[in-house]
Amino acid sequence: MMRLLSAFLAITAVLVIYGLAQSPQGETLWTASRWSPYVCGILIGLLNTLALALVGDKLGASSRYTTAAGYVHRALCGSRDCELDYFEEHPPKIGWGLMLIIGVILGAFLSARLSGDFEFELLPEMFAAAFGDAEALRIITALLGGAVMSFGARMAGGCTSGHGLSGTSLLNLSSWVALLCFFIGGMLVAFMLY
Amino acid sequence: MNSPLFRGRNALRLSGLLIGVGFGFLLQRAGVTQYENLVGQLLLEKWIVVKVMLSAVLVGMVGMRLVVPADSLPGPKNSPRLGSTVIGGLVFGAGFALLGYCPGTAAGAMGQGSMDALIGGLGMVLGGWLYALSSPWLEKQVLETGSFGSQTVHGLFGWTDPWRAVSLVAVCVLLLFLLLEIFGM
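As you go down the protein sequences, you meet chains A and B in turn.
Under my numbering, the first residue of the first sequence carries the number 1, and numbering increases by one thereafter.
Under my numbering, the first residue of the second sequence carries the number 1, and numbering increases by one thereafter.
Next comes chain A alone, as it looks inside the complex (with noise of 0.2 Å):
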């Protein structure tokens, strides 16, 4: 356990001052707006085998939205008691899973903000593109559409990094099947969009 983790430092430190070194347009690996998808992935692989080694936890996200849920739930029930029985098999609490959405947050601002990417936008390019400087309408789909993900990601027991990532690593044939389901469904409802 130690030497796989002083590996991953090891590794980690040996990028980080590797990446300081500057091309001739001044620009850093770490300024780098875009690495390529496969390092990126490798990486995020092996993020995925040190969290199972670690803790023995995978990466997931979308049980971490519903633990959110739970706690407004408990927030709005007050002193009346009116647990609902998900929530009392899936007690929320603020633990390994939560934090890692956060710090997908933080690392996300991280890149964005070394690489200058960082940008308040509501509107995507390619959504005002096809509908136009539809604020509202950008507002609904993103509502709509995040709790329709949600409500199918619980049914399916999982999303694309649950599923997608974690569970067809470790070669479970239901998030196979899950992920296949994901990309068919996403497919016809994008098509129709645009």
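Derived from the structure by calculation, the hints contain no laboratory data.
It cannot be assumed that every hint is accurate.
To be verified - Restricting the straight-line Cα-Cα distance to at most 20 Å, the calculated cross-link-like pairs of lysine to aspartate or glutamate (EDC-like) are:
| # | chain 1 | residue 1 | chain 2 | residue 2 |
| --- | --- | --- | --- | --- |
| 1 | B | K140 | A | E89 |
| 2 | B | K77 | B | E144 |
| 3 | B | K140 | A | E88 |
| 4 | A | K93 | A | E83 |
| 5 | B | K46 | A | E125 |
| 6 | A | K93 | A | D81 |
| 7 | B | K77 | A | E89 |
Got chain A sorted already, so can you dock chain B onto it with the hints?
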């Protein structure tokens, strides 16, 4: 959760935070927190998402099986049923295309300033709450249907050695990557 290094809830939380930072950094760097790349993948125009995901699976398949003894590899939680997986998967996909981010990349997108991802996050909390409300009924009526026959990919083929499945997946993924690169996608 039986690692000797991370007893104690705060050490656990810190490790989650740090791994999350790495995950989020890589997602943003790869470009998969961008609406155009995610929806573009569903439209089969941009292939960054598939490249990232399958590269991660290639490494994860091998790595995970090496660092943990075979009998303690986590299987799927709660004995998934075919019905809930397929229906849930399709519903997820539909919502994914509407929002334009998945739960993980939405968090990443929030970090890069995408306000629509933040709204999507609120939607996801709402969706989770709606599921919690409806799940007793839903589970009984709709989801408890069909079975997978096998929990694992190798089981499906009747193989006892998981590494055969790893090889099969690896070959297919590498072939796909080769095709993508040849056709410049």
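Return the numbers of the hints above that this structure violates; sort them in rising order.
-> none
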